[in-house]
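Protein sequence lines, in the order shown, are assigned to chains A and B. Per our numbering, the very first residue in the first sequence carries number 1; after that it's consecutive. Per our numbering, the very first residue in the second sequence carries number 114; after that it's consecutive.
Treat the hints as calculated values from the structure; they're not laboratory data. There's no promise every hint is true.
Unchecked claim - Straight-line C-alpha distance at most 25 Å; calculated DMTMM-like pairs for lysine to aspartate or glutamate:
1) K149/B to E53/A
2) K215/B to D85/A
3) K40/A to D196/B
4) K169/B to E101/A
5) K183/B to D85/A
6) K172/B to E130/B
7) K183/B to E44/A
8) K183/B to E24/A
9) K215/B to E44/A
If you want the building blocks of each chain, they are given just below.
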Amino acid sequence: ETGVTQTPRHLVMGMTNKKSLKCEQHLGHNAMYWYKQSAKKPLELMFVYNFKEQTENNSVPSRFSPECPNSSHLFLHLHTLQPEDSALYLCASSQEWGTYEQYFGPGTRLTVT
Amino acid sequence: GQQVMQIPQYQHVQEGEDFTTYCNSSTTLSNIQWYKQRPGGHPVFLIQLVKSGEVKKQKRLTFQFGEAKKNSSLHITATQTTDVGTYFCAGITGAGGTSYGKLTFGQGTILTVHP
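Isolated chain A, as found in the complex (with noise of 0.2 Å):
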């Protein structure tokens, strides 16, 4: 629907595992986000790349590792997660990092175990 697409949409892992989390966008974006939503807490920003380039870092534990291999892609590649970590992880794009509006994806569905 919004042209953003996540998978999986849902992922239980243990602390000793590691997986990785995609997001793929058709929208011909150049800014791709990475976002953590927590139950009551706002959407915490994690990660941006602008035209492939990582031009945000907020403070994210080294357990979380981006890559942007090109625009229309990315992932986050976790591992030794903690249960603390559990949430929701959208993706977001949008023309470029700034004022501009985002589309979000579906999110996928983080447990850890």
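Given the coordinates of chain A, assemble chain B onto it according to the supplied hints.
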């Protein structure tokens, strides 16, 4: 750091009643955006306000940007059950010139509408 506060956190209304959510920033904003997230869904962009004192309308929704560009509001007239969801404001600071600015979301207002 910059904070964007949104009130109320929850609002329960009867269908047909009006609803307002308020957004306040600790710093002057360049722009402000509003998003709606339906239950189980993802945020969807509603509107962006740029000018001091700006007012924009979308059918039953009225958006305002304060004169000092530090606050904003969203007002829904005669709510309907389709208005259910969480409404987020997102303030942008530092945009202009060569700076892209920084976007910070408020914590959202959860609206329930009783038929």
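* Go through the numbered hints given earlier and state which of them the structure violates, listing their numbers in rising order. => 1, 5, 8
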